[in-house]
Amino acid sequence: MKIKIIILSLFIFGCGEWGAVLVSSDYKPVLNIFGLLTQDESGSFIIVTRTANLDENINSDYYDYYNDNPANINIYSAEVYIIKEDNDSIKFELTNSNNNYYNTNQYTNDDFIPLPNTTYFLSVSDSVSGLSAKGELTTPNFPQLNMMELPDTLTINKPFTLNWIPSQNNMGISIYKENNHFEEFVCINNENRYYEMNDSTDIFKLELCDYYYDTEFNNEFISSVNIQLREYDKNYFDYFVLYDEDEFMNFLIGQPGSTAKSFGIEGGLGVFGSFITVNEFKFIKSN
Amino acid sequence: MKFQKVLLLLILTFPLFSKSINGFVRDDSNGEPLAYVNVFIKYLDIGTTTNQDGYFVIPNIPDGEIIIVASIIGYRLTEQVISIGINKNYRIEFRLPISSIEGEEITVSGIRQSFINWAEPSRITLDFRDIKVAPAFVEADVFRTLQNLPGVQTLNDFSSALYVRGSTPDQNLIMLDGITVYNPFHLGGVFSTFNTDAIKYADFHAGGFSAKYGGRMGSILNIVNREGNTEKVTGSGNISLISSKLLLEGPIPEMLGLKGSWMLAGRRTYFDIFANMVWRAYKSNNESDTQDTPNDIFPYYFYDIEAKVNLDINANNRIILSRFYGDDIIDWEYKYSNQYNYVNGEYAEVTSYENIFDWKWGNHSNSITWRYIAKPDLIFKTIFAQSRFKFWIDIDEYTYHSIGDENLNSEFKIDVFDIVDDKTSEINFIFQGNKSHKISGGLQHKNVKFDLGMKFHIEESGVDTIDLKPLDMNSKTTETALYFEDKWKVNPLFTIQYGLRSMYYNLHNKTYFDPRLTFKYNFSSYTAFKLNFGRYHQFLTIANPQDENFRFIDIWMGLREDLPASFAEHTIIGIDYLSQDDVLFRAEAYYKHFENLVTLKQGNPFVDEGDLFKLEVFNEFWNTDAFAFGLELLVKKTTGKVKGWVGYTFAKTMKRTDLWGWYSPKFDRTHTINIVSDWELSTKTHFSTTINLSSGNPYTPIIGQVIYWDESNWNGEDDWYENDEFLVGEKNSKRYPIYFRWDIGFTRNSTLFGLDVEYYLQIINVTNHMNPLMYYHDNKYEYVNGEWTNLGIARYSVPMFPILPTFGIRFEF
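From first to last, the protein sequence lines stand for chains S and X.
Count the first sequence with my numbering and you get residues 1 to 287, in order.
Count the second sequence with my numbering and you get residues 288 to 1100, in order.
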């Protein structure tokens, strides 16, 4: 009888959780901000969103259209200020509140142009949600390419050296064909590289995209490339480059997830970053 | 030279007593040496126990006629009469016949002798019967059995790796006949690499191990293979659902005064053979539908071969050759072609592809051991061993492209490899010339080459060949260890075992010292109290992400120059009680302190460097602090109709990195109860069962949702796009539900075609309990009132083993 009871209890115990279980948490949302200060064409902007609890639906996958009432995590009612070192504050206004999928809540100020090597503060508060956050960054300097050692015209498949003035920030270099229209039938492999602070030189070689074009274009041609040097502040570089990967990577480890990543933001998540770009144009020839 | 002086000093320090008896005790049926046999002189309080080679020495023998007795449960007590006269040393050999009582199964147990003789705590020996007691996944497995011992934790059902008292598998020293094996698993850890049919016993130290062992912080597992039958050629086999095994053993014909034995065992999975056979038959009958499909549908198998030769040169010299080869192999080839551009009635353009995926990983080891009995009480063992772990993925893609008369070919090759080549030389001695002291020592020199790399080769017609090596990490490490140990029987009740192991590590150019100390006090013949302290350094690590659910291989590397030596300190207190009917009760508590551990940084694997991208994934570590403590209880019954053990473990392990702060590692289970038993229902039928009940493993929960931005820069144009993702909480701050698994097995002995056979049926997870391996989360939708409704975020479990019946047959001839 005892054995029967033991066996019976083992089977009763032996069930477990098969199937889906709805989950919840007592997580309190915070502001989630992407702020960029730059002199580039994109302009400076602050995107203000908030994080969400598990019982809200922010899912943007293909099932989304079933959902009649997606949670709106974009913040349209925020007071956004950029504050200079001298406490002079510049208000950023919501400039795009249409229903475009991306960047539906950019706060901008067309008159604002960030200065290099200057500290700026960010203040965001939203009276509707009661959430607020602050930020701080120091803009980088203009990167400087040493043009003296660079030939006037670059040659395909011939290495060349780029030298630049070393910086206390991380650098990025992109080299791409300036006009990459299909009818030109010349495709150059893009180069995108990142550098540690104090790096100052690297060797590049421009190559055609693949051998189809190589065989098609034995004749000489001349085109042009743009050499883009970009100096990043630490916040931007850390968020988008250094800690871009999830801590939980794949099925071998577990479901992808993110820790509360915050670079230059206090009281919330996200990034308050900056970069400054310079461009140099160079002609290229095939041989 | 230094070592020889130390050795000489040790020998001269202790007086050599007059007369001794020494020899071996063997199983009469097959000549296998018997360990832990009680050998004593009748009517006198003089005796000893055989060591693991079956050797014994009794010093200080009085003159005259004496009766010497050898006794162990399961064998008939055997006596020999010897006249002690003018000779100093007397060599005798016992051959014990198996005791045969009608209707009763033979049980062999040396548990009392090991209880009396072992000073160190946390040690347990499992013989092949113990290993086969527990129902196992598909077939018996020594690691699966060890996972049921107190102090040993497991990550999940798919892994047979051992997590011992807060130590990860890379901190275990796994040896086969004393030779280090670096990656002792098949199929990503589902099976261990050791063929249980070839195993004589497994000697397991969960902690507090003696100065003889070093180089690892966690535990020691020494698998000792059978020596081989010295009497006749015999064999055994096993056919299970996935593999078949065969073992042959026999004597070496005597010639030139030499004699000995050999053993050869092999195993291979065969699912690939059947699956590919069926697939090819299907393919030949459906050529049009399967034209561009591979020839093999299941290209994976594993095998292992173990061989051992024992050669007795004379009474005092023995040479042992040991070889082990075990590999997992994925060999896949796929060819297909496209023909298009039908021009003027002919195909103008043809593209053929050839893809080869060749992945092989495994261990090869070879060793030669010379055992020399210099004096009856002084034995030397010299070992030269080579152990090589090799992991190599070779992916080749060939494209043959022809347009009209022009041929354009391309090659794309990737090689990913990790090679560990360990060459070890060591010499050990044991000196038992003094009744109160058992002195041992040795010198070990270990050269290990680590080579971890990744290579690309790209070649296209008319375009430069590109060779990249984004990952290239190799190092040569040397560990030279010198150890000394004395087991000092202060009085009949009190024993001190003290030792020191010094290790020189070349990359640090430094010598480290590991003291080891054990006190043992026998309250009575049945109760022993033990207290142990030891320090354990380790100079190699693995570069695997710590949170993996599956681990196909361990990526080994020597500890870099700039990383301090990792070490652990074990403190153990325990009490053993062995009842009159040989039931062992053991209670042990431990505290383990780790320093300078390294934990691989997960994520951000690629770093741009020059015109090559460089993999940093294996080279960036978090400095990690850790500690573990726990309480373990064990009741083990080795005789009678019901055998097995019940173990309970309370364990707590904590780690700390700068990124995560303090957290419980993924393998941490606070409470664990394991019940392993074998019931002899009749002389021919056995019922076995294993029950595992434990706290769930920790995991990192999701707590919220967030969008994050990615950047894109194409042709100088910036774009930032949003992704949504779950926010995770504190690392490993929640636990999966209680783990429960109940396995059962039946065996039935019979005869078939004149062979002794054993049929077995095993059912894993007989209650089909859901033990989650991991969770994934997604929105849950239900079709309500004609439309899909989002109910919110739901958790879905990925299960470990569901209910799994397996069966097979063992046979002997």
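Hints in this document: simulated from the structure, not taken from any laboratory.
Cβ atoms here follow ideal geometry from the backbone N, Cα and C, with glycine treated the same way.
Be aware that one or more of the hints could be misleading.
[Unchecked claim] DSS-like mimics (lysine-lysine), calculated; alpha carbons at most 27 Å apart, straight line: (1) X/K722 x S/K205; (2) X/K722 x X/K499; (3) S/K205 x X/K742.
[Said to hold, decoys possible] If you want a taste of the chain S side facing chain X, the calculated C-beta under 10 Å gives, among others: (4) L22; (5) Q39; (6) N53; (7) T119; (8) F121; (9) S123; (10) N141; (11) F142; (12) Q144; (13) L145; (14) N146; (15) M147; (16) F283; (17) S286.
Which numbered hints are broken by the structure, listed smallest first?
1, 5, 7, 8, 9, 10, 11, 12, 13, 14, 15, 16 and 17
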